[in-house]
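As given, the protein sequences belong to chains A and B, one line each in that order. Going by our numbering, the first sequence opens with residue 1, and the numbers climb by one from there. Going by our numbering, the second sequence opens with residue 1, and the numbers climb by one from there.
Bear in mind the hints are in silico, worked out from the structure with no lab data behind them. Hints may be right or wrong, so weigh each one.
DSS-like mimics (lysine-lysine), calculated; alpha carbons at most 25 Å apart, straight line [what the hints assert, rightly or not]:
1) K57(A) to K46(A)
2) K8(A) to K46(A)
3) K20(A) to K38(A)
4) K116(B) to K8(A)
5) K38(A) to K116(B)
What follows is the residue order along each chain.
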Amino acid sequence: MYAFEIEKPTTLADALAALKEEDAQALAGGQTLIPSLKARLAMPSKLVSLAGIEEIKGICTADDGRLCIGGGTTHGAIAREAADRFPGLAGLAAKIGDPAVRNRGTIGGSLANNDPSACYPSAALACGATIVTDRREIAAGEFFLGLFETALEEGELITEVRFEVPEASNYQKFEQPASRFPLVGVFVARYADRGGVGVTGASEGGVFRWNEAEEALASNWSADALEGLSVPADGMIEDLHGTPEYRAHLVKVMTQRAVAAAG
Amino acid sequence: MAQVSMSVNGQPAEGEVEGRTLLVDFLRNSLELTGTHVGCDTSQCGACVVHVNGAAVKACTMFALEAEGAEVTTIEGIAAPDGTLSAVQQAFQEHHGLQCGFCTPGMVMSATALLKDNPRPTEAEIREYLQGNICRCTGYHNIVKAVMAASGQDVGAIAAE
Ligand SMILES: Cc1cc2nc3c(=O)[nH]c(=O)nc-3n(C[C@H](O)[C@H](O)[C@H](O)COP(=O)(O)OP(=O)(O)OC[C@H]3O[C@@H](n4cnc5c(N)ncnc54)[C@H](O)[C@@H]3O)c2cc1C
Ligand code: FES
Ligand code: FES
Numbered sequence: 001m002y003a004f005e006i007e008k009p010t011t012l013a014d015a016l017a018a019l020k021e022e023d024a025q026a027l028a029g030g031q032t033l034i035p036s037l038k039a040r041l042a043m044p045s046k047l048v049s050l051a052g053i054e055e056i057k058g059i060c061t062a063d064d065g066r067l068c069i070g071g072g073t074t075h076g077a078i079a080r081e082a083a084d085r086f087p088g089l090a091g092l093a094a095k096i097g098d099p100a101v102r103n104r105g106t107i108g109g110s111l112a113n114n115d116p117s118a119c120y121p122s123a124a125l126a127c128g129a130t131i132v133t134d135r136r137e138i139a140a141g142e143f144f145l146g147l148f149e150t151a152l153e154e155g156e157l158i159t160e161v162r163f164e165v166p167e168a169s170n171y172q173k174f175e176q177p178a179s180r181f182p183l184v185g186v187f188v189a190r191y192a193d194r195g196g197v198g199v200t201g202a203s204e205g206g207v208f209r210w211n212e213a214e215e216a217l218a219s220n221w222s223a224d225a226l227e228g229l230s231v232p233a234d235g236m237i238e239d240l241h242g243t244p245e246y247r248a249h250l251v252k253v254m255t256q257r258a259v260a261a262a263g
Numbered sequence: 001m002a003q004v005s006m007s008v009n010g011q012p013a014e015g016e017v018e019g020r021t022l023l024v025d026f027l028r029n030s031l032e033l034t035g036t037h038v039g040c041d042t043s044q045c046g047a048c049v050v051h052v053n054g055a056a057v058k059a060c061t062m063f064a065l066e067a068e069g070a071e072v073t074t075i076e077g078i079a080a081p082d083g084t085l086s087a088v089q090q091a092f093q094e095h096h097g098l099q100c101g102f103c104t105p106g107m108v109m110s111a112t113a114l115l116k117d118n119p120r121p122t123e124a125e126i127r128e129y130l131q132g133n134i135c136r137c138t139g140y141h142n143i144v145k146a147v148m149a150a151s152g153q154d155v156g157a158i159a160a161e
């Protein structure tokens, strides 16, 4: 690791001020950033730790019924505290990495990083979540811009993520056993008037909505509704863990399993 | 350099660190608590698991300065002061939950954290909880058995496998 300083603000305002400094970078759970620093993939002069900022942690239900999750809330806290209100998302959080990773890693850090195999982006897209920052609200559909790219500007922080809680939902993760990231992960969400299907891990373009499946599910929420559909292998990731054809096949199988499990 | 202070195994501990000093390096190099191991240094293996304010974390994936003011427990703080092993440690010994012992500090810290939250886990829950702890020797079988035994459960069913 290159050398840097660590600053530990206790308010959002102080964190934003510290991030104005050139080459300053936010540090949340560090479960992605610290390994990248060790690999010298990043060279910040200062890390601004978000861990002491209480105002961006925790889960609450807004007046309009949406579930609001602070950007600094850990995967472990989401797994525990959202279990009764949004079991699909709690189930997703409970399968990220391992307990020690979940005790540190945060939803804000995961969304900001937008790893093509990260779990939360599939739920954010399927549910049409809103990503709230210190300066604006961004619809999930406009937030993810490709591999490791998001709509976030320099020094912009995710303070909250708002989800319209579906009537039923489920996340199915086909684990790559060495990294425990999804080889393919699918989040499905059933609403009164629509179905949402978010797919992670599969595409070279990053997380995406499987529109055809959403249309089929809107009128018939069942695994059978997807039987005649197929996902083109074109543009799917190719690596030693799986061919594009294999991933395309998994997208359908995981979607069907998720729909069946969501009920 | 910056000053850092925390409580480690119930004792006040302080020292000078850089921003980039990892918690595991502070524990091993400054405090000479070398029970916490570094297996991978890439956040995969869990040999470095310690408890920070009661939660299991990978000490290779946290900076020392992030533990400022925290209560840290390492493997050295698990046995009683007179050396009496904890239930988890005792069970690892009795059920051969270790061979070379390299992963054992992290395994014991993770298993201890599990039993605090879930005093009678099922075999599946134990295997799931220990996913982030890699062992190159035992094949995990006797580790799972040890955790079952430490939680006062019958290990007969596992032993038959
Ligand atoms: C062994 C292991 C297994 C894992 N398995 C999975 C898995 O199965 N699925 C999965 O999805 N993830 C997995 N992860 C990644 C994990 O979820 C990380 O916690 C997450 O990707 C990053 O969150 P963090 O809070 O640790 O962020 P950090 O690592 O601290 O930061 C990541 C990036 O986001 C920026 N950032 C952090 N917080 C904010 C914010 N509030 N606003 C704006 N920018 C911010 C940082 O500047 C940095 O660029 C795994 C990690 C490990 C080590
Ligand atoms: S040394 Fe920390 S996880 Fe391997
Ligand atoms: S006992 Fe040797 S690595 Fe686990």
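Okay, the hints, checked on the actual structure:
1. For the hint linking K57(A) to K46(A), the alpha-carbon distance of about 22 Å falls within 25 Å, and the restraint holds.
2. Distance restraint check for K8(A) and K46(A): the Cα-Cα separation of roughly 11 Å lies within the 25 Å cut-off, and the hinted pair is therefore satisfied.
3. A distance of roughly 24 Å separates the Cα atoms of K20(A) and K38(A); the hinted pair therefore holds under the 25 Å criterion.
4. As the CA atoms of K116(B) and K8(A) are separated by approximately 30 Å, the hinted pair breaks the 25 Å bound.
5. Pair hint K38(A) plus K116(B) does not hold up; C-alpha atoms about 32 Å apart against a cutoff of 25 Å.
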